[in-house]
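Number of protein chains: 2
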Amino acid sequence: MQYSKSFIFTVREDPKVAECVSHKLLLKGSFLYMVSSGIYSYLPLGLRVLENVSNIIRKHMNASGAQEILMSALQPIEIWQKTGRDEVLSEVMLRFKDRKNRTLVLGPTHEEEVTEIVKKHISSYKQLPRILYQIQTKFRDEARPRFGVVRSCEFIMKDAYSFDVDEEGLARNYEAMRSAYQAIFKECGLNFIMTEAESGAMGGNVSHEFMVPAEIGEDMLCECQKCGKHFKDMSNCPECDSKLNERRMIEIGHVFKLGTKYSKAQEALFIDKDGVRKPVIMGCYGIGVSRVLAAIVETNYDDKGVIWPKSVSPFDVQFVCLDEKLIPEASSMVESLERNGFNVLFDERSEPAGVKFNDAYLLGNPYIVIIGKNYASSKKIDLEIRKTRQKTSLSEEELINFLKNEYGK
Amino acid sequence: MQYSKSFIFTVREDPKVAECVSHKLLLKGSFLYMVSSGIYSYLPLGLRVLENVSNIIRKHMNASGAQEILMSALQPIEIWQKTGRDEVLSEVMLRFKDRKNRTLVLGPTHEEEVTEIVKKHISSYKQLPRILYQIQTKFRDEARPRFGVVRSCEFIMKDAYSFDVDEEGLARNYEAMRSAYQAIFKECGLNFIMTEAESGAMGGNVSHEFMVPAEIGEDMLCECQKCGKHFKDMSNCPECDSKLNERRMIEIGHVFKLGTKYSKAQEALFIDKDGVRKPVIMGCYGIGVSRVLAAIVETNYDDKGVIWPKSVSPFDVQFVCLDEKLIPEASSMVESLERNGFNVLFDERSEPAGVKFNDAYLLGNPYIVIIGKNYASSKKIDLEIRKTRQKTSLSEEELINFLKNEYGK
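Protein sequences, first through last, are from chains E and S.
For the first sequence, counting from 1, position 2 maps to 2 in this note's numbering; every step adds exactly one.
For the second sequence, counting from 1, position 63 maps to 63 in this note's numbering; every step adds exactly one.
There may be inaccurate statements among the hints.
Copies of the same chain are indistinguishable here, so a pair counts whether it falls within one copy or spans any two.
[Claimed, not checked] DSSO-like cross-link-like pairs, simulated, lysine-lysine; straight-line CA separation at most 30 Å:
{"#": "1", "residue 1": "K59", "residue 2": "K409"}
{"#": "2", "residue 1": "K409", "residue 2": "K356"}
{"#": "3", "residue 1": "K356", "residue 2": "K273"}
{"#": "4", "residue 1": "K261", "residue 2": "K82"}
{"#": "5", "residue 1": "K273", "residue 2": "K5"}
{"#": "6", "residue 1": "K59", "residue 2": "K310"}
{"#": "7", "residue 1": "K82", "residue 2": "K97"}
{"#": "8", "residue 1": "K278", "residue 2": "K356"}
{"#": "9", "residue 1": "K126", "residue 2": "K243"}
{"#": "10", "residue 1": "K356", "residue 2": "K126"}
Everything labelled a hint here was simulated from the structure, so no lab data went into it.
This is chain E alone, in the form it adopts within the complex (with noise of 0.2 Å):
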């Protein structure tokens, strides 16, 4: 990607409307755009991004055995009549009538619908268990939307539900989850807590909370100085009985045992081996996409922008050619980088050094490739590793070699 041709347009000033760092480095770069309060759009940047949680997410999903579809955002309220959720949730519920008089919601979750969809197709135990998830564009109506995409009214997540025929399917699913979760916050590059205590909440059953911590974080955490634990809603550590420290978090991700709840309110049944109808025993397992992108950028900074790690970032290399007559000598370069494998952004344009190494440090590609004039007599490139700031200077073979190690290539 040449960077001149790209539609990336940083800004010079802190944007005012910004409320944290994730939120003011997201606008700067031209990452995201600001539609409305609590309201954005995806610019080539953020998208690309997003496109990377989201193929990670899906590499998990797709190992653990679930089967990514894809639900309707409108869903008619009777759904949500029959689990009385139409009430509980009324505040952070958007709906409207559409002409056919027909009272539409737009989907806050997915219980219901996924549910419905289970009801319709599912009749035995020998189409059990299952696994369904999807990556979709969620709506709230939101009271305080702030932290740019951490708390918004329109917002990317990754739901996922299984459905079992006993409780120990649904133990077998629910620790699949777990262990996706931990491989996918960890390849986004995220310090993630996950909550070890079981919550009396959602009647009575079991769910784990997936946190990173952060300055900006809504959650409060208690973590036990002793043994290192973390835990909700408890004063003191219930495995060692210290003082439990608080701790801000942004929550990142939540897994839930169900039950029978959303099956027995819909009816959704199965016969089961011995001939007799049971509830289909569900779990629901979500991610917040959008929120992701902000919790890696709220933990992955310095005073001149973003650091992406590696497994995310937009580009792997962004390519600085500093005279404009080596833009032969930099684009031959930076095709055997993309030959390579590498995704590589090209600042070719005509701007002041200083210029280009403010966007390269504020974009956070994780290495930026510095072509200068010194490049015609020592035929060297440097190497700034974005994250440590460390230089190296480089033959291009020594660079492409590099570039492979780093990347396991």
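Fit chain S to the supplied structure of chain E, relying on the hints for placement.
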């Protein structure tokens, strides 16, 4: 993918709600789930086709220099008031107030929002031309949703927008999009027609439609039997004056030269080379992605089911094992096919041969491989081409070579 673990649950009876062939076959084959009239969810098989179509679109859009973004579905009414389209489109526009008393619209299209994005980021001729596109869910309060995903209230569109400094630039981008569209529809296996006429509507600007002839088409196109060209709203051919015949068509794509209608109303201006502020010159280019899926089925089926073109089929091969004792041999062949880059649906269910064949025909994957009793003696498997129903006996090696050749691998 093992069939017994998949979320593929075909239905033997024709669904009562089905209004046309594609609607019927997509429901029977569990490609789609009908949530409510005009509202559909994509089950795993349907999503696979949708992703294949989307990726063909992405390939050709990216090759033409367009950059992918993802705009919000929610939009403030104010941007629509600038162009007056809050009234023009009021019938199909779903709108509501949120709890902050903002009037929000569920975008039926995105000219206004993309113009705001360009207004925010582009101020100089040096930043032009650009093409942005997205593949996104759109919403319309349809008076008569029908024919499944042909005309629905929630649907997936690819919408692209070009931005230029002058009419010549617009003409270049318009041509680039027209030829990308031809490549896209061709690769999707569609026999499409492009209207050659220049329409007087939309403010005198040029527009072309891409149509697929189909019984359920809602658009009427006039065809000249003499010169073979197609026109809209005419009785005689403007080129040879012959009388035109009427044909029903499904519209799958539409390209427009918009000119400055939106950029003037929304003040999306740039400073040109001559130092003068001018409105950006725009074009817009739409493809009904979910409708393409329906159009493919409407024109590729027989009495047994769908016949997917190779480029978009959910799987390349449906591998049918007719004898449980042969599952080890069959599994090894499926793995070998997968190692060679083929997507295989492995039907290892304990179902009668008739059920398996019916499902293979209904689902419509292009190649059906059958391993049966005579494998033990002959070491041969049968290959059936879904479209022609032609059958051949082959060794495993011959099968792989045949498929490699078919897919150009």
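Intra- versus inter-copy proximity for K5 and K273 (alpha-carbon distance at most 30 Å): So K273 and K5 pass the 30 Å test across copies only (18 Å; inside, 62 Å).
Please sort K261 with K82 into within, between, both or neither, judging by C-alpha distance up to 30 Å. within (11 Å within a copy, 47 Å between copies)
For K356 vs K126, is the C-alpha pair at or below 30 Å within one copy, between two copies, both, or neither? between (60 Å within a copy, 17 Å between copies)
At most 30 Å between alpha carbons: which applies to K59 and K409, within, between, both or neither? both (18 Å within a copy, 24 Å between copies)
Have a look at K356 and K273 and pick one of within, between, both or neither, based on CA distance no larger than 30 Å. Answer is between; shortest inter-copy Cα gap is 24 Å, intra-copy 67 Å.
When Cα atoms must be at most 30 Å apart, do K409 and K356 count as within-copy, between-copy, both, or neither? within (28 Å within a copy, 42 Å between copies)
Within, between, both or neither: how does the pair K126, K243 come out at a Cα-Cα threshold of 30 Å? Classified as neither; 49 Å inside a copy, 61 Å across copies.
30 Å Cα cut-off: does K278 pair with K356 within a copy, between copies, both or neither? between (64 Å within a copy, 28 Å between copies)
Is it within, between, both or neither when you check K82 against K97 at 30 Å Cα-Cα? both (19 Å within a copy, 25 Å between copies)
Using 30 Å as the alpha-carbon threshold, which applies to K59 and K310: within, between, both, or neither? The answer is both: 16 Å in one copy and 24 Å across copies each meet 30 Å.
Of the hints listed earlier, the one the structure fails to meet is number 9.
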